[in-house]
Amino acid sequence: MKRTLLTLALAAAPLLALAQPQAPQSLKAEVNGMVCSFCAQGIEKRMKTLSATQSVWVDLKNKTVAVEMKPGQRIDEATFRHEMKEAGYDVVRVEQVALSAAQIRAQQRK
Amino acid sequence: MRCFNVRLLAVPTPARRPACARARRVRSRLSRLLGLWALLALPGLLAASAARAMPVAFTDSFMAMTDVSEHASEASVGYSFRRAWAVQAGYLNWTRDHLGRHPQRREITDLHLNHRLVRRNTPTSQLNVYVQAGLGHGRASERSQWDTVAQWGGQIDWETTRLYAAYKGHRYLADSFNHSAHAVLGGVSLYEVDYDQVQPWVVLEAKRISKWSERTELTLLARFIYRSAFVELGVNDHGQPRATLMYIWM
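For the record, the sequence lines run as chains A and B. Its first residue numbered 22, the first sequence is counted upward by one per residue in my numbering. Its first residue numbered 1016, the second sequence is counted upward by one per residue in my numbering.
Quick caveat, the hints were computed from the structure, so don't treat them as lab data. Keep in mind it's a predicted model, so treat the numbers as computed, not measured. Treat the hints with caution; some may be incorrect.
Below, a sample of chain B positions facing chain A; criterion: calculated Cβ distance under 10 Å [unchecked claim]:
1. ASP1075
2. SER1076
3. TYR1094
4. ARG1098
5. THR1139
6. SER1191
7. SER1204
8. GLN1214
9. VAL1217
10. ILE1240
11. TYR1241
12. TRP1264
Think of the CB as a built atom: it goes at the ideal place given N, C-alpha and C, for glycine as much as any other residue.
Build the full structure now, drawing on both the sequences and the hints.
See below:
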């Protein structure tokens, strides 16, 4: 009986893990040169060409760009830096955070 | 050979050699073909001196620009085919009342290549240096024929979230005219804004065109920027209005 219960629990564990909502993942970067939205809108447009992009937030005041990735998908740092370069900007630093673009935006606006 | 000299020829027609006349006809036809292609590439809008304001956008983007005032109109459409490069088709039209006589006019259509030589990004500013060169065809109202026009120029601009400064220079060279256009601009934004807000600017432009302008023209402009849209409304020191529109898309 105990053995049966243990086997069932082990079998159900992966299914339970899949059923848990995954925390959003975003790339948050400090970017130089963002001085107006007319220039910086290229960042949003270039990032949205990537299939893994869920949403993009550009913050001129805090010199920040946040790109939220679709669940289970990833944008590597090299690709991110390349797209920023194509948009005409320089990335100072980039990190992956477990936040959505909207959460990052709300944080920046506090 | 003398017939390939782009400067205005002083030799009367009967004295010209037949080979030179044929060469001129060929150049004239080529000019019309170039101009026709440039015209077909246009959205049918008017022309823009502001077309020179952002010659290169981001990779794989299109940009349309138009500028209208009482004595000038411009329009262009461009495509940034790779980082720091763009190809642009343009139309330019200047008119003036010269010495109380019949109005004089310059019309140019051309295709040109724009290159961003320098971009310097800092945490608080952006500096750009652009160069541009192109060929097309143009006409002076004093002569009825269309000529090949060579044009080249450059632009340097520097901007923060609150300040803007730029210099733009262009040369237009054809058999029937030779002009240099220079403009200096300075602007200030009333306040900083977020990415999703309209940003208002006040900009002052001083512009002069050699062998054309009787004086330096000053224009006061209200500039509004919102993401892909750029709008300027202004009036010069003669009370003449001007409007500029730019739009970028992908």
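These are the hints, each one checked on the structure:
Residue-level restraint check for B:ASP1075 holds (minimum Cβ-Cβ distance to chain A is 8 Å; threshold 10 Å). For the restraint placing B:SER1076 at the interface with chain A, the shortest Cβ-Cβ distance is roughly 7 Å, inside the 10 Å limit, so the hint holds. Interface hint status for B:TYR1094: violated, as the beta-carbon distance to the closest one in chain A is roughly 14 Å, over 10 Å. The restraint placing B:ARG1098 at the interface with chain A holds, with a minimum CB-CB distance near 5 Å, inside the 10 Å limit.
The beta carbon of B:THR1139 is positioned within 10 Å of a beta carbon in chain A (closest approach about 8 Å), and the interface hint is therefore held. Nearest Cβ of chain A to the Cβ of B:SER1191: about 37 Å, over the 10 Å cut. The hint is violated. The beta carbon of B:SER1204 comes within 8 Å of a beta carbon in chain A, closer than 10 Å, and the hint placing it at the interface holds. Interface hint status for B:GLN1214: upheld, as the beta-carbon distance to the closest one in chain A is roughly 6 Å, under 10 Å.
Restraint check, B:VAL1217 versus chain A: the minimum CB separation of about 14 Å is more than 10 Å; hint violated. At its closest, the beta carbon of B:ILE1240 sits 5 Å from a beta carbon of chain A; the interface hint therefore holds under the 10 Å criterion. With a least beta-carbon distance of about 6 Å to chain A, the hint placing B:TYR1241 at the interface is held under the 10 Å criterion. Given hint, B:TRP1264 at the interface with chain A, holds; its Cβ is 8 Å from that chain's nearest Cβ, closer than 10 Å.
In summary, the structure is inconsistent with hints 3, 6, 9 from the numbered list given earlier, while agreeing with the others.
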